[in-house]
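Given these sequences and hints, build the entire structure.
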Amino acid sequence: MKKIFTLLAVLIGLGAQAQTILVQTDFTGYNGLPNTVPFGWFISNNDTSATGKTFYTGASTCGVTCPAYKFNLTGAESYIITPQFSNADSVHFYMKGNGTYKPNKFRVYGGADTTTWTLIQQFDSVSATSRTVSLPVGPAYNYLKFGYLKDSTGYNVGFDDVIIFQGSLSSVPMTEKFSANLYPNPTNGLLTIDLGSLHTKSLNVTVINVIGKEVKALTLNTYSSEYTIDLGDLEAGVYMVRVRSEYGETTRRVVLRK
1 MKKIFTLLAV LIGLGAQAQT ILVQTDFTGY NGLPNTVPFG WFISNNDTSA TGKTFYTGAS
61 TCGVTCPAYK FNLTGAESYI ITPQFSNADS VHFYMKGNGT YKPNKFRVYG GADTTTWTLI
121 QQFDSVSATS RTVSLPVGPA YNYLKFGYLK DSTGYNVGFD DVIIFQGSLS SVPMTEKFSA
181 NLYPNPTNGL LTIDLGSLHT KSLNVTVINV IGKEVKALTL NTYSSEYTID LGDLEAGVYM
241 VRVRSEYGET TRRVVLRK
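In the working numbering, the protein residues as written are 1 to 258.
Take the hints with a grain of salt, since some may be wrong.
[As the list claims (entries may be wrong)] Cβ pair distances, simulated, as ranges:
#1 228 - 135: 25 to 35 Å
#2 246 - 215: 22 to 32 Å
#3 211 - 135: 39 to 49 Å
#4 201 - 52: 25 to 35 Å
#5 235 - 201: 49 to 59 Å
[Unchecked claim] Below, a list of computed lysine-lysine pairs in the PhoX-like style, where the Cα atoms sit at most 25 Å apart:
#6 201 - 216
#7 258 - 216
#8 201 - 258
#9 258 - 213
#10 53 - 105
None of these hints come from the bench; they were simulated from the model.
Source: prediction; values computed, not measured.
Glycine residues also receive a C-beta, built at the ideal position from the N, C-alpha and C atoms.
Written as structure tokens, this is what we have:
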């Protein structure tokens with residue numbers, strides 16, 4: 001399923017632009033032990049007995065499918081470093097906090113090498129609602145590092161479905177750099193589209209399945225910054241939801257469970 005979704009993401013792209021995958025992992029086969037770390041990746045904190053201390057197998061904490069990496073180290077920043085790449089435009093990844101709100105920092109760094117790092121993005125906390133994050137990268141970086149600093153009262157974080165693209169955010173016009181938060185994700189049917197501070201006159205929503213077929217199209221003619229749609233008439237699975245407004249468009253992966 002993940003491989004089909006990845007192909008679909010490449011074909012659709014952001015703003016209908018072609019994308020090339022430079023690096024990706026969904027942690028398939030990872031059981032916490034160092035010898036199961038995806039090839040070319042570095043994980044600072046692994047398990048010693050494959051008991052689930054550093055990976056998730058529950059569907060509510062994984063991305064499209066399990067397993068997912070579990071950031072669980074207390075008192076120090078544990079981190080994951082990607083394989084080398086060049087000329088990347090964006091990175092997409094899944095993350096989800098496992099517990100009540102705690103102000104523990106999740107950071108994304110970029111580096112030309114693996115010794116000097118520049119902070120790209122800091123999340124002061126990780127929501128307990130799963131989300132897929134998209135960030136620009138740029139040609140200055142050949143590696144990314146994902147780090148989580150957990151204190152004694154903090155919670156663990158699920159991390160999954162990392163894809164580094166060439167040909168996405170930096171290759172589309174500014175009007176297409178439009179963002180929307182879709183939640184809950186996974187969903188049992190009802191899906192909220194949150195535009196943040198933007199209010200749009202109308203919203204066009206297109207839902208596409210894993211073989212690239214359009215299965216739902218909606219036009220929401222209401223002046224608002226938040227919309228709710230119902231995917232309950234669709235089969236359980238993975239979909240790409242494209243959201244368009246006068247400000248541009250964005251595409252997000254959504255998991256429908258029943």
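These are the hints, each one checked on the structure:
1. 228 - 135: 25 to 35 Å: 26 Å Cβ-Cβ, so the 25 to 35 Å window holds.
2. 246 - 215: 22 to 32 Å: 25 Å, holds
3. 211 - 135: 39 to 49 Å: Violated, since residue 211 and residue 135 (Cβ atoms, about 28 Å apart) do not stay within the stated range.
4. 201 - 52: 25 to 35 Å: 48 Å, violated
5. 235 - 201: 49 to 59 Å: 32 Å, violated
6. 201 - 216: 20 Å, holds
7. 258 - 216: Holds. Residue 258 to residue 216 sits at ~18 Å (cutoff 25 Å).
8. 201 - 258: 32 Å, violated
9. 258 - 213: 21 Å, holds
10. 53 - 105: 20 Å, holds
Going down the numbered hints, you'll see the structure goes against 3, 4, 5, 8, while the others check out.
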